[in-house]
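Participant: Here's the letter readout for the chains.
Protein chains: 2
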Amino acid sequence: MATWKNLDTLSSYKKLQELKNHVNIVEAMSGENGAKRVAEYSVPMAGGQAFNFAAKEVDDAVLEALAELAKEHELIDKYKELLNGAVINTGEKRLVLHQLARKQQLDPVVVDGVDKGEFYLSQHKKAADFANKVHAGEITNAAGEPFTTVVQIGIGGSDLGPRALYIALENWARTNGTLKMEAKFISNVDPDDASAILAATDLAHSLFIVVSKSGTTLETLTNEAFVKDALTKAGLDPSKHMLAVTSETSPLAKSADYLEAIFMDDYIGGRYSSSSAVGGVVLSLAFGPEVYAQILEGAAEEDALALNEDIMANPDLLDALIGVYEVNVQGYNTTAVLPYSQALSRFPAHLQQCDMESNGKSVNRFSEPVSYSTGPIIFGEPGTNGQHSFYQLLHQGTNIVPIQFIGYKDSQIGNDVVIEGSTSQKKLCANVVAQIMAFACGKDDENLNKKFDGGRPSSIIVGDQLTPKSLGALLAHFENKIMFQGFVWNLNSFDQEGVQLGKVLAKRVLAHDTDGALKAYSDLFEI
Amino acid sequence: MATWKNLDTLSSYKKLQELKNHVNIVEAMSGENGAKRVAEYSVPMAGGQAFNFAAKEVDDAVLEALAELAKEHELIDKYKELLNGAVINTGEKRLVLHQLARKQQLDPVVVDGVDKGEFYLSQHKKAADFANKVHAGEITNAAGEPFTTVVQIGIGGSDLGPRALYIALENWARTNGTLKMEAKFISNVDPDDASAILAATDLAHSLFIVVSKSGTTLETLTNEAFVKDALTKAGLDPSKHMLAVTSETSPLAKSADYLEAIFMDDYIGGRYSSSSAVGGVVLSLAFGPEVYAQILEGAAEEDALALNEDIMANPDLLDALIGVYEVNVQGYNTTAVLPYSQALSRFPAHLQQCDMESNGKSVNRFSEPVSYSTGPIIFGEPGTNGQHSFYQLLHQGTNIVPIQFIGYKDSQIGNDVVIEGSTSQKKLCANVVAQIMAFACGKDDENLNKKFDGGRPSSIIVGDQLTPKSLGALLAHFENKIMFQGFVWNLNSFDQEGVQLGKVLAKRVLAHDTDGALKAYSDLFEI
Numbered sequence: 002m003a004t005w006k007n008l009d010t011l012s013s014y015k016k017l018q019e020l021k022n023h024v025n026i027v028e029a030m031s032g033e034n035g036a037k038r039v040a041e042y043s044v045p046m047a048g049g050q051a052f053n054f055a056a057k058e059v060d061d062a063v064l065e066a067l068a069e070l071a072k073e074h075e076l077i078d079k080y081k082e083l084l085n086g087a088v089i090n091t092g093e094k095r096l097v098l099h100q101l102a103r104k105q106q107l108d109p110v111v112v113d114g115v116d117k118g119e120f121y122l123s124q125h126k127k128a129a130d131f132a133n134k135v136h137a138g139e140i141t142n143a144a145g146e147p148f149t150t151v152v153q154i155g156i157g158g159s160d161l162g163p164r165a166l167y168i169a170l171e172n173w174a175r176t177n178g179t180l181k182m183e184a185k186f187i188s189n190v191d192p193d194d195a196s197a198i199l200a201a202t203d204l205a206h207s208l209f210i211v212v213s214k215s216g217t218t219l220e221t222l223t224n225e226a227f228v229k230d231a232l233t234k235a236g237l238d239p240s241k242h243m244l245a246v247t248s249e250t251s252p253l254a255k256s257a258d259y260l261e262a263i264f265m266d267d268y269i270g271g272r273y274s275s276s277s278a279v280g281g282v283v284l285s286l287a288f289g290p291e292v293y294a295q296i297l298e299g300a301a302e303e304d305a306l307a308l309n310e311d312i313m314a315n316p317d318l319l320d321a322l323i324g325v326y327e328v329n330v331q332g333y334n335t336t337a338v339l340p341y342s343q344a345l346s347r348f349p350a351h352l353q354q355c356d357m358e359s360n361g362k363s364v365n366r367f368s369e370p371v372s373y374s375t376g377p378i379i380f381g382e383p384g385t386n387g388q389h390s391f392y393q394l395l396h397q398g399t400n401i402v403p404i405q406f407i408g409y410k411d412s413q414i415g416n417d418v419v420i421e422g423s424t425s426q427k428k429l430c431a432n433v434v435a436q437i438m439a440f441a442c443g444k445d446d447e448n449l450n451k452k453f454d455g456g457r458p459s460s461i462i463v464g465d466q467l468t469p470k471s472l473g474a475l476l477a478h479f480e481n482k483i484m485f486q487g488f489v490w491n492l493n494s495f496d497q498e499g500v501q502l503g504k505v506l507a508k509r510v511l512a513h514d515t516d517g518a519l520k521a522y523s524d525l526f527e528i
Numbered sequence: 002m003a004t005w006k007n008l009d010t011l012s013s014y015k016k017l018q019e020l021k022n023h024v025n026i027v028e029a030m031s032g033e034n035g036a037k038r039v040a041e042y043s044v045p046m047a048g049g050q051a052f053n054f055a056a057k058e059v060d061d062a063v064l065e066a067l068a069e070l071a072k073e074h075e076l077i078d079k080y081k082e083l084l085n086g087a088v089i090n091t092g093e094k095r096l097v098l099h100q101l102a103r104k105q106q107l108d109p110v111v112v113d114g115v116d117k118g119e120f121y122l123s124q125h126k127k128a129a130d131f132a133n134k135v136h137a138g139e140i141t142n143a144a145g146e147p148f149t150t151v152v153q154i155g156i157g158g159s160d161l162g163p164r165a166l167y168i169a170l171e172n173w174a175r176t177n178g179t180l181k182m183e184a185k186f187i188s189n190v191d192p193d194d195a196s197a198i199l200a201a202t203d204l205a206h207s208l209f210i211v212v213s214k215s216g217t218t219l220e221t222l223t224n225e226a227f228v229k230d231a232l233t234k235a236g237l238d239p240s241k242h243m244l245a246v247t248s249e250t251s252p253l254a255k256s257a258d259y260l261e262a263i264f265m266d267d268y269i270g271g272r273y274s275s276s277s278a279v280g281g282v283v284l285s286l287a288f289g290p291e292v293y294a295q296i297l298e299g300a301a302e303e304d305a306l307a308l309n310e311d312i313m314a315n316p317d318l319l320d321a322l323i324g325v326y327e328v329n330v331q332g333y334n335t336t337a338v339l340p341y342s343q344a345l346s347r348f349p350a351h352l353q354q355c356d357m358e359s360n361g362k363s364v365n366r367f368s369e370p371v372s373y374s375t376g377p378i379i380f381g382e383p384g385t386n387g388q389h390s391f392y393q394l395l396h397q398g399t400n401i402v403p404i405q406f407i408g409y410k411d412s413q414i415g416n417d418v419v420i421e422g423s424t425s426q427k428k429l430c431a432n433v434v435a436q437i438m439a440f441a442c443g444k445d446d447e448n449l450n451k452k453f454d455g456g457r458p459s460s461i462i463v464g465d466q467l468t469p470k471s472l473g474a475l476l477a478h479f480e481n482k483i484m485f486q487g488f489v490w491n492l493n494s495f496d497q498e499g500v501q502l503g504k505v506l507a508k509r510v511l512a513h514d515t516d517g518a519l520k521a522y523s524d525l526f527e528i
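Protein chains in written order, with the numbering used here: chain V, 2 to 528; chain F, 2 to 528.
Be aware that a few hints might be false.
In this list, chains with the same sequence are indistinguishable; a pair is considered to hold if it fits within one copy or across any two.
[To be verified] Simulated pairs of lysine-lysine, DSS-like, Cα-Cα distance not exceeding 30 angstroms:
| # | residue 1 | residue 2 |
| --- | --- | --- |
| 1 | K410 | K185 |
| 2 | K508 | K452 |
| 3 | K451 | K94 |
| 4 | K241 | K452 |
| 5 | K452 | K104 |
| 6 | K229 | K410 |
These are calculated hints, taken from the structure and not from any lab test.
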């Protein structure tokens, strides 16, 4: 059994702190030494990708200290315990099994007589069977016509991850002939969100997936009512157009209101649920079950890499440790995620949830306050767009923002033009390469307004193409990075008590049970 | 003439620094005092909105110190100089005239014999005339059929602002019968961006606007070539489908390749160009010139409020000053922009550019290094979605993130459902109200995992409805806030030298003129 300790109790952490500002990347990345770092500071990932950290503020001494920290902190042992079904989510007393849902476990995990691996597999199969029947025209609307659109109704993890993955593969699937149905998403309780999407949707040929583990998420039930209302007004029977993704004990599970109910459980949290039925149903309907299976396969391969004790063969652990060095030694409190791929336009929003909701905490897994910084603030937009926007601050601002670049050699559609001697795809790649070096090494200038200090660290995940498999590996990479960082900070990364108070107060506002400032604000909005 | 000084030379700044942690908002916002603050700490904005800062870490003593700073720093005088045509953009030796383009000047601004107010007006008129002719069917495609879609090709400020405004009003316009044409946007040099949009667009009935001040922006010219290629392949004559928004001296200005060229100039920077032809042409085509005029009217009214010497009657200046207190006294280096309005889904991305590109700088307007923090990192997503995502960190993380909420009493479409006794719109409003109080006052709990410390400051802009006029005021509010903060930090907020180095290096990569790490990275991508 691994021992769960606060970061600041480790002797390896004290050593690491002595390495503050140890590497000057302006120097390290200049000349041939820079080329050597690019060649050597690279760790293979699944899906034909590599995690290259040459432009991070590390050298062999820092890496050695990080390896020592990983060892002293028993990080791989902790991961193995998680895979073997330990109660890692201490606050809610739950197992954490999203890796199991993509078949990455050491021993079978059995809970109350249920083999959980079998359970997740059975639900993936149920989703696949349903999707295949829809695609084959065996499940149709009342007029016997095929469904062409699928609309996911969910919020938070039921929305961000599946939406980011759908957008990431929509063009790939269209190009490769596997786009079976268009997918849309309704999430916000803002009535204009549902209204606008429904107005632009061919209701008669649409399937709606209601996603709520408890079956009581207010935003989702409200939007379900919105959809039912619209279907009824269009003369359609909602029960012939809706399915549920929910827990077996939820009120939605056995309702006649749905064509089918596919199940999730308490052991895969919302922000990790792209690998459960929450992602499985909508993505299997959109792309076909085979494509969804490839996403899981890429993720499972990355999960296997994360078992490596050697940090130089473990991209997820290494990325996590470098991030800890940046937060706790260098004192940076934000991270920018900048994919040079329009397909990953919503991937930063997914990571923003996954990271900030997991590790944005001030108490450890035993509910004791910690006295060090934990999860950073995550934000990002696709390059090259960001270059023409907030990069000014990243290059010359008074804050240092570590960067996570992502880029692919090939585009997904393959359609391109040559302008000034290069394709758009080459220009895209040239830009991310240029940015890494501009951030790392900067440029001197007599006019200080045109001077770049450099010394701004970045890593890049490089791949051949964004495919279902590389996307799955990318998803798992960040999930595992976040998991390892949670272990380092001794957090419970799998609850989210910080979202509760707002819910309670919102109910009081709606019940007019308010006084003081809460009433005064309610009056401003005439609630 | 106002005197331009560094912030840390001001005696009022020293006084302000003595007020660090002066206000405990848990106490200040509790009980009837909290209600009193909500009533009193509110400043009217244009477009029927108000800036409410009750939940910020200020009281009358802090406000007095901020007012003193505004006075000592001659902030209103500096704004007046800008309006009167001073060379505020010192680096590029340019005037700054975006407020003039919405008719907010003190004296006429004449440059080289040209009355710039007249110039902007003439271009708005040219855009309006063109749009009216398209809407009336006087300008059609070669087959005499009406244009139904407009596609803006631009990047950075030519994309983010106009796109955010279009999304903000699309549903409003559809509901109010003024949606004349659907608008789309192509920005990224990623070939998949243009390919996917073109594949989903009815080319024969589309107008394309090429937006580039210089006529040499590589991303935009590349995407223009993409579009021309697609039009030609579809058997269409590109010159009958394209217009240009560019400077009078650009190669695009007099080209026969365009149906029309509408002009911008050097005195309105990209990120402020929603008020120039960059925003005017696409928004006039999409919504009609009258709607665009209302946006400008709302902005102009807000610009007028920004002239008030009294900070309690100047929402833009006050918001700016509170932000400076948060950055430079309280030490917070990020700000979250959280609109409770799905229509504002891309407004945070626009503000991210506008703010971070303007004030993410380390040298003052005289190119001398400053020794204080400047512009914060800006990020945000719409509520209630964010509540189910990164709010965990905002509530319980180890970083304090000041928040800028935005909310409206009424939805834009008006379609709604009642669930559990309230409409979706009421739920939306109840949630933002609840969040303000949860952040401010927190909640005690024996289990520290369920405890909320509170003390997390926020302000809210409250309005009746997001309309063209209130949106214009909102846009101007933040532009003016950024301008005032730039004055406080003694920056040139209107250049962006930090984006240059990346461009230079990208060209070297494409020319294979590389060595060391730059070559090694290029090889990774097989450029």
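Participant: Hint numbers the structure violates, sorted upward?
Facilitator: Per hint list: 4 and 5 violated.
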